[in-house]
Amino acid sequence: MNYILETRALYKEFGAVSAAKDVNVSISKGEVVGVIGSNGAGKTTFINMVTGYLKPSRGEILFNGQSIIGRTPRAITRAGMARSFQVAQLFPELTVLDNLLIALAGAESPFPSLLRPLRNEGRIARADAILGEFSILSWRDSKVTAVPQGVRKLIDIAMALIGDPQMLLLDEPTSGVSAEEKTQLMDTVMQVVSRHQVTVLFVEHDMDVVRRYVSRILAFYSGEVLADGPPQSVLDNARVQELVTGGQRAHKRAKA
Amino acid sequence: MRLDKTELMMLGVAVVLATSGLVAPQWLVFLLTMALAKSLVVQGVVMQMRAGLVTFGQGLYFCIGGYAVGMSGHFLTISDLPTLLLIGVASAVALAMILGLLMTRYREIFFAMLSLAFSMILYGMLVKSPGLGSTDGFNVIAWTLFGWSPASGQAPLALFVIIIAVSAVLAVLLHRYGHSSAGAMCEAIRENEVRVEYLGQSPRWVLYMNYVAAAGVSALGGGFMALAAGHIDPEMAYWITSGEFVFIALLGGTSHVAAPILAAILFAVVRTYAIELVPHSWQMILGVTLLAIIVFLPKGLWSLLSGQARRAKAVEAKA
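Line by line, the protein sequences give chains A and B. If you're matching positions, the first sequence starts at 1 in the working numbering and goes up one per residue. If you're matching positions, the second sequence starts at 1 in the working numbering and goes up one per residue.
Please keep in mind that the hints were generated in silico from the structure rather than gathered at the bench. Don't take each hint at face value.
What the hints assert, rightly or not - Derived lysine-lysine pairs resembling BS3-like cross-links, with alpha carbons at most 30 Å apart:
#1 K143/A <-> K128/B
#2 K5/B <-> K143/A
#3 K21/A <-> K55/A
#4 K29/A <-> K55/A
#5 K29/A <-> K182/A
Only a predicted model underlies this, so the values are computations on that prediction, with no experimental measurement involved.
Kindly produce the complete structure, drawing on both the sequences and the hints.
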């Protein structure tokens, strides 16, 4: 079977601490996978290794069948795997449109043009289109520092998506967003990514959000994959309930 | 090549300035020539500031440009102005291509201190080189232009017109560079280098390219300075000289390509009059000026003009 992303016996140690232990994951094209786990479970470490930010201590990472171990984040991005961040990584002193235009120029060529203007009609139309898709066109000319947190998260994802990646990794796309806005934000994101036919892997703490959008869940605990499968079977797994979701469910029961 | 409004305005100002040289006293022509030569070096400082890097060692390339011009005349008897300037720029670019490999690994104070260190190494080498006049430096031979040798009275005015023309063309190119994908990428690196990497770009490559280009531009200023003053000495690489370029960059701001030119001219005028009025404490006047700029105009003098333009636009929009 052709997997878009495959990790084999992946390990990551920070001194005596193991952030990833024998992580074996295979993701097929078109899948929407949710990654769950408590803080320190190794979710972000997994994303950081897959996107080249961290080098694994051992193991193999294949993207479209090619090893990407030792490749830089930019090389992996250019190969077709883009990411967004837990804290939106934007250019705060620039306008939303300029953020998108820079992302587009970055995606077009690894060597940016020295004299041709950043702002040209084609790029502006493309940036407007993607801002429209994410329903944030009204923020186009605002400085990033002036836009709300939810919109920043969408800009972050839009910047990752503008280069037409094959796979998108979203690190906690709803973190810092109010409970009321979460569903709306994720509805928007998932509609856009499905339109672009992108394989998605996203890290999320809110189980309602995970259950609503994914076809498969990876549950991490202490650097290991505790469970991997369809949402209901993973969420009903006794060990997942005990070690990953138990706290959240108990909290929800208490609130109810 | 179609020129936008800003570019046309800059070329217009250049024509007016060059024409004014015909009626201006010789001391003013010389003062403006020196100021314009410095503004070219400051353009190099500003290019790096836009990418979030402050250099305290741009005097290195200023000095390389000056010495390359002086030595080519002295040892190779080359007197053709464009050839001399090209040699200056090529020497600086060649050195920057080597040093840039190291410099672009560093950021913030480490970059600033390393740039300072390299300029001081050159200063030390020149001071210890009797063949190049040690601390006294040496005189630069008179220049020619494609075989034409200006009379001694004509040379300053001719050089004034040439430096205005070169500064104007360079300002147009730098204006385009600032608005290009590469220029925008420099700003993006200043704002968030991690994101730039995840856009598929190499921040180091962008900074390297910018560093080498800035060195070339600054060397051009050094070359002109050598030709205008007719003399070069190791002070060109001294840290105080580099500090002066940073001073001028802060004075003008980084938001417009014309800001370093305006600031360099203002700096020359303030310094000239400060020396005239208080010969023993003129540095204090410059210090107070810089302090006032930092406190009241943190984005430099240019923010006064851009602020006015914004207000005018807002009034127009309301109407």
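For each hint, the structure was consulted:
1. K143/A <-> K128/B: violated (53 Å)
2. K5/B <-> K143/A: holds (25 Å)
3. K21/A <-> K55/A: holds (14 Å)
4. K29/A <-> K55/A: holds (24 Å)
5. K29/A <-> K182/A: It holds: about 26 Å lies between the C-alpha atoms, which stays within 30 Å.
The structure fails to meet hint 1 from the earlier list, while all remaining hints are met.
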